[in-house]
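2 protein chains.
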Amino acid sequence: MKSQSFSKHIELNKIKITDPFWLSKTELVRKEVIPYQYEALHDRIDGADKSYAIENFAKASKTAEALKKGETVPVYPADKWCYDDNNAHPDAFHGWVFQDSDVYKWLEAVAYSLSNQPDSELEEKADKIIDLVCSAQLENGYLDTLYIINNRDEVFSNLQDYHELYCFGHLAEAAVAYYEATGKRKLLNAACRFADLICNTFGEDKIKGYGGHEIAEMALVKLFDITDKTEYLKTAEFFINERGKKPYYYDVVRGRKTVNDNYHYNQAHCEPRNQHEAVGHAVRGVYLYSGMADVAKRCGDDGLYSACKNIAENIINKKMYITGGIGSTADGEAFSFDYDLPNDLAYAETCASIGFIFFARRMLEIEPNAAIASAAERALYNTVLSGMAADGKSFFYANPLEVLPEASHKDSRKRHAKPIRQKWFGCACCPPNLARLISSIGEYCFTENSDTLFIHQYIGCKAQTENAQIKIISSYAENGKVEIEITPRKKIILAIRIPDWCNSFSVDLPYVIKNGYAYFEISKKTILRAEFEMKPKLIKCSNLVRENAGKVAVMRGPFVYCAEEADNGKNLQLLRISKNTAFVCDGNALIADGFREKEDSSLYSEWSEAEETDVKIKLIPYYQWGNRGENEMSVYIRI
Amino acid sequence: MKSQSFSKHIELNKIKITDPFWLSKTELVRKEVIPYQYEALHDRIDGADKSYAIENFAKASKTAEALKKGETVPVYPADKWCYDDNNAHPDAFHGWVFQDSDVYKWLEAVAYSLSNQPDSELEEKADKIIDLVCSAQLENGYLDTLYIINNRDEVFSNLQDYHELYCFGHLAEAAVAYYEATGKRKLLNAACRFADLICNTFGEDKIKGYGGHEIAEMALVKLFDITDKTEYLKTAEFFINERGKKPYYYDVVRGRKTVNDNYHYNQAHCEPRNQHEAVGHAVRGVYLYSGMADVAKRCGDDGLYSACKNIAENIINKKMYITGGIGSTADGEAFSFDYDLPNDLAYAETCASIGFIFFARRMLEIEPNAAIASAAERALYNTVLSGMAADGKSFFYANPLEVLPEASHKDSRKRHAKPIRQKWFGCACCPPNLARLISSIGEYCFTENSDTLFIHQYIGCKAQTENAQIKIISSYAENGKVEIEITPRKKIILAIRIPDWCNSFSVDLPYVIKNGYAYFEISKKTILRAEFEMKPKLIKCSNLVRENAGKVAVMRGPFVYCAEEADNGKNLQLLRISKNTAFVCDGNALIADGFREKEDSSLYSEWSEAEETDVKIKLIPYYQWGNRGENEMSVYIRI
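Respectively, the protein sequence lines represent chains E and D. Residue 319 in numbering that gives the first Met the number 0 is what sits at position 320 of the first sequence, and the numbering runs on without skipping anything. Residue 237 in numbering that gives the first Met the number 0 is what sits at position 238 of the second sequence, and the numbering runs on without skipping anything.
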């Protein structure tokens with residue numbers, strides 16, 4: 000790890016998105032998703048699962064107030080991971096143990112949105128929620144409504160399953176975002192007070208625990224970056240180094256070993272620096288790996304970085320769907336074994352791809368790596384965008400590559416593979432996570448260091464960086480063309496990623512290629528025009544992925560395509576794409592040449608060459624599937 | 000339904016199996032399976048899950064004795080479907096609620112085995128167990144150890160989930176078999192006393208319930224056939240007619256509706272005569288359908304028979320694996336929707352195929368139907384035989400068509416798809432069911448009526464039927480050849496099934512073909528030589544079964560073949576079989592021409608024609624797979 004290659008992303012308030020493709024998404028989030036979620040957090044959506052999130056803060060606020068006055072407050076059981084309406088006392092905490100985090104994710108999305116597009120009414124709503132959140136904080140800085148409402152004596156007693164450190168992490172991320180967007184410190188102060196309590200509670204000579212759902216690691220680093228308080232970085236490092244040490248902290252607390260002596264689900268099966276394969280709950284995994292990369296960079300920890308590199312390679316080369324989806328099994332929402340990437344059973348949670356993008360950005364800040372940036376791009380343009388309906392009003396949690404609605408309805412193993420997006424979820428992690436990623440998309444475009452400006456993702460924008468003023472006019476998503484106008488503040492290097500999907504590209508300036516990036520010397524205002532060849536391509540999957548043998552997917556640029564029943568009729572397995580197909584563009588759909596086998600309902604018969612007719616196969620971008628009602632969908636097609 | 004086409008199977012004591020292929024199986028059952036199960040029922044197998052079955056009868060016997068003496072006996076909770084060792088009182092019932100049935104299935108297998116091969120030592124053991132069983136019967140005839148031991152007041156209080164009527168059914172089947180094999184009536188008397196109690200308890204003006212796990216229906220018909228007591232037939236008919244009527248009996252008893260108002264699992268979603276699709280728990284299904292066919296025949300009930308025919312067609316044409324496996328989903332061990340026949344997720348319980356064979360025999364007794372007999376044959380030679388290891392010492396419960404050991408170990412959705420047979424199961428239905436089917440295999444060969452003798456399955460044997468003396472010398476399983484020596488008692492018709500797998504056949508006598516059977520007039524002692532062409536064939540599966548598009552299976556005669564890793568290396572998905580392959584026999588293995596793709600570990604790349612090398616693909620009969628340690632297996636291969 001060479002610190003001279005370190006770079007930093009550009010802060011959001013220095014970037015103005017102008018890209019029509021992405022503006023339409025950020026506006027959808029601002030106009031549809033954020034207001035909808037605001038109502039959902041307040042339990043004002045008819046027919047949706049109740050959130051209880053705001054209600055919990057209101058209850059916690061009352062408790063905090065009473066405690067300040069020295070009043071005695073009731074105690075409720077705090078040992079149920081999920082409270083069911085009927086059993087909990089009306090005055091007790093309701094909802095999932097991590098319910099607070101939905102409020103924080105909403106605030107974070109609002110912060111990013113305000114950076115892009117000031118909106119005083121929205122800011123006022125956010126300020127009120129921040130007031131409520133802060134009023135629930137205990138005098139010692141503790142802030143998690145489950146324990147504040149139900150039992151103050153049991154805080155930090157079940158780090159494995161109860162999400163206090165997770166909620167803290169989302170609080171800190173929201174606080175940093177809100178401070179950067181608005182300059183307001185109230186939530187940041189609250190986050191720092193809670194962080195101080197955490198730093199005083201956990202450490203070498205203190206409690207040697209760590210969160211079951213990681214995020215506190217990267218959140219503490221964000222606070223460190225803003226405040227320069229080394230205690231925050233040290234505690235992040237402590238959480239990472241302590242994780243997976245034997246005897247397991249969770250076993251010690253519980254007084255017995257877990258079944259099979261196994262904490263893979265929590266990535267706590269061994270010390271993170273000794274982990275070289277992505278395992279366990281995928282979102283937890285990528286959140287941990289993000290924190291590991293943060294700490295590795297700031298502490299110059301080569302061993303930790305080496306683990307990060309191996310894990311990133313393992314994900315990209317053996318555990319990632321072509322759509323950038325990760326965590327292939329619904330069983331624990333987890334990474335499965337190498338090359339186990341079933342299409343119809345795929346879990347591929349939207350949040351996991353979002354988390355991979357977090358991880359990728361941090362890795363790119365350590366050193367440019369086109370393979371990682373390209374994988375993040377695939378995740379972004381496919382699984383992440385797929386998470387949200389065209390109208391911003393419904394969401395996918397899981398993102399399978401093949402869906403038969405009948406199977407989703409009737410087969411419990413495929414029940415997670417919804418044939419249509421849903422309005423809201425009881426466990427509502429994906430919609431707010433989508434909102435915060437899309438609203439902060441600018442953060443993923445660039446990184447820079449003292450002499451080099453890197454472009455990792457091509458999104459039309461104007462940005463003020465330390466090295467240059469930059470303006471990007473992009474029709475990248477449409478035709479692979481980008482115009483980059485750069486006005487350097489001194490002689491600098493511009494490095495632009497060459498997408499892994501283009502066979503050829505042209506730029507109108509001399510360059511040198513290194514690690515998948517083209518490097519240019521820029522000493523004066525320059526306009527650079529790049530065009531990445533964006534031909535539709537047949538892509539094969541490794542034949543170690545069993546079910547894709549004999550099949551292909553179609554990609555054009557960063558987009559993976561899929562066939563839908565709405566365009567191609569039922570029984571998509573009857574289609575074969577011609578290996579010599581020409582592709583014709585039809586809007587952003589593609590028309591390919593192919594064949595359709597005649598349906599043969601006879602269950603078993605002596606083999607004979609199938610009767611086929613020539614057909615045109617219509618393919619649409621994967622992220623657009625499921626916007627026309629329930630229907631079959633398949634990414635892979637026989638060749 | 001024409002009663003003149005009705006026929007009856009030949010009783011086991013009139014048949015002597017001489018077929019070397021089948022004798023080796025029946026001897027394995029007699030020498031290995033039955034003694035092993037005897038030990039298992041007595042909890043004398045180290046490392047196996049405890050059965051508790053004999054222990055429960057001993058406890059029940061003590062209770063029955065005490066009750067006779069008017070002593071008060073303790074009450075234990077009888078509301079747990081499965082008793083876990085640690086929680087149950089040591090004197091209470093232990094094991095699953097259906098544990099008694101394992102004893103009955105063992106007795107039934109012993110009875111059949113004694114018919115084939117007298118064994119006084121074994122008969123003595125069986126007599127002792129029968130003494131124990133009968134000593135547990137209450138004075139009113141009730142006989143189910145769970146309620147006898149735990150709570151006499153709660154008998155018949157949970158017909159849906161507690162298996163009293165199921166255990167009764169197995170008792171009756173064992174009793175009839177033991178009576179027919181030995182002439183001893185003790186167990187039969189006990190079964191009739193329990194049957195009398197059931198007939199007095201359930202009916203139009205009595206309790207209007209029915210069993211959640213069907214079998215009592217066909218068992219009562221067996222008792223009726225032996226005793227001629229019409230009450231038994233009437234109660235069987237009542238159970239069938241009452242099933243699925245609304246309001247649901249189970250809802251009424253419980254005082255609330257089931258979730259989704261749905262009793263598909265128990266085939267009680269509507270009245271059986273209105274059922275035309277096989278649904279729910281597959282074993283329960285085929286046991287019900289068997290009882291329906293029994294009742295339809297004896298009551299001349301055309302409506303019920305029509306339902307049976309539709310259900311049989313639905314199974315054979317849309318819900319049966321090529322191996323004769325049924326019940327494709329582990330979710331409820333159930334039938335899935337039409338054409339949902341996944342290879343790797345397949346459940347295909349051994350017991351379900353056994354139950355299908357029961358159903359098929361009853362359908363063939365109503366009218367000959369080569370499609371049903373052929374499907375039963377496929378089940379018999381593939382999924383049923385696959386259930387037992389070559390040494391008779393371990394068993395498959397589930398019979399998937401594709402196994403990757405890593406997936407079985409790591410993927411919870413495939414955990415049922417064991418890569419190797421197991422010694423014994425806590426829920427030990429399959430091994431004793433296998434034992435009773437294989438020991439009674441002779442019962443499935445013939446049916447006859449006053450003028451026609453049907454041969455449905457070709458198994459070498461000598462038999463005395465009402466119409467003829469018959470001697471079959473068969474090498475059917477090896478080469479499709481059968482020699483039938485028939486000495487008629489009068490001028491009769493012989494009808495032999497033409498297997499659905501042969502493209503041509505030859506017989507040395509004139510015949511007429513009807514419904515897939517060849518009919519011969521026999522007026523004197525005749526030797527008929529038939530040869531069914533038994534070439535290996537490539538078989539395609541309907542392209543409505545999604546995952547088999549572009550693949551084939553190989554069959555030779557009734558045997559389905561599969562590729563194993565032991566012969567073909569890892570990654571069986573890399574194999575493609577040549578569509579013009581010649582097949583070479585190697586013992587009972589087949590060698591086919593094919594190709595093997597070069598492994599390509601690169602996860603995604605631009606499509607190009609795969610590099611392949613010519614290989615010989617070795618295929619073994621499906622039933623023999625998994626006898627050489629854990630390894631990959633696949634029935635379907637790409638073409």
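One or more of the hints may lead you astray.
The list treats identical chains as interchangeable, and a pair is accepted whether it falls inside one copy or across any two copies.
16 Å max Cα-Cα, derived EDC-like pairs, lysine to aspartate or glutamate [unchecked claim]: (1) 409 to 241; (2) 569 to 179; (3) 578 to 465; (4) 207 to 450; (5) 569 to 337; (6) 205 to 390; (7) 615 to 566; (8) 534 to 605; (9) 233 to 160.
Keep in mind that the hints were calculated from the coordinates and are not lab data. Quantities reported herein were computed from a predicted structural model and do not represent experimental measurements.
Original post:
Between the shortest in-copy and the shortest cross-copy C-alpha distance, which are at most 16 Å for residue 233 and residue 160: within, between, both, or neither?
Top reply: Answer is neither: 24 Å inside a copy and 57 Å across each miss the 16 Å cutoff.
Original post:
For residue 534 vs residue 605, is the C-alpha pair at or below 16 Å within one copy, between two copies, both, or neither?
Top reply: between (41 Å within a copy, 12 Å between copies)
**OP:** With 16 Å as the alpha-carbon cut-off, assign the pair residue 569 and residue 337 to within, between, both or neither.
**Re:** Answer is between: at 15 Å across copies they meet the 16 Å cutoff, but 32 Å inside does not.
**OP:** Up to 16 Å between alpha-carbons, please classify residue 569 paired with residue 179: within, between, both or neither.
**Re:** neither (50 Å within a copy, 54 Å between copies)
Subject >> Intra- versus inter-subunit Cα pairing at 16 Å for residue 409 with residue 241 >> reply: neither (44 Å within a copy, 27 Å between copies)
Original post:
Which holds for residue 205 with residue 390 at a C-alpha limit of 16 Å: within a copy, between copies, both or neither?
Top reply: Classified as neither: same-chain Cα gap 50 Å, cross-chain 60 Å, threshold 16 Å.
Original post:
For residue 207 vs residue 450, is the C-alpha pair at or below 16 Å within one copy, between two copies, both, or neither?
Top reply: neither (41 Å within a copy, 86 Å between copies)
Subject >> Status of residue 566 relative to residue 615 across identical chains (alpha carbons, at most 16 Å) >> reply: within (10 Å within a copy, 41 Å between copies)
**OP:** If the cutoff is 16 Å on CA atoms, where do residue 578 and residue 465 land: within, between, both or neither? Let me know, please.
**Re:** Answer is neither; intra-copy 49 Å and inter-copy 65 Å both fail.
When held up to the earlier numbered hints, the structure conflicts with 1, 2, 3, 4, 6 and 9 and fits the remainder.
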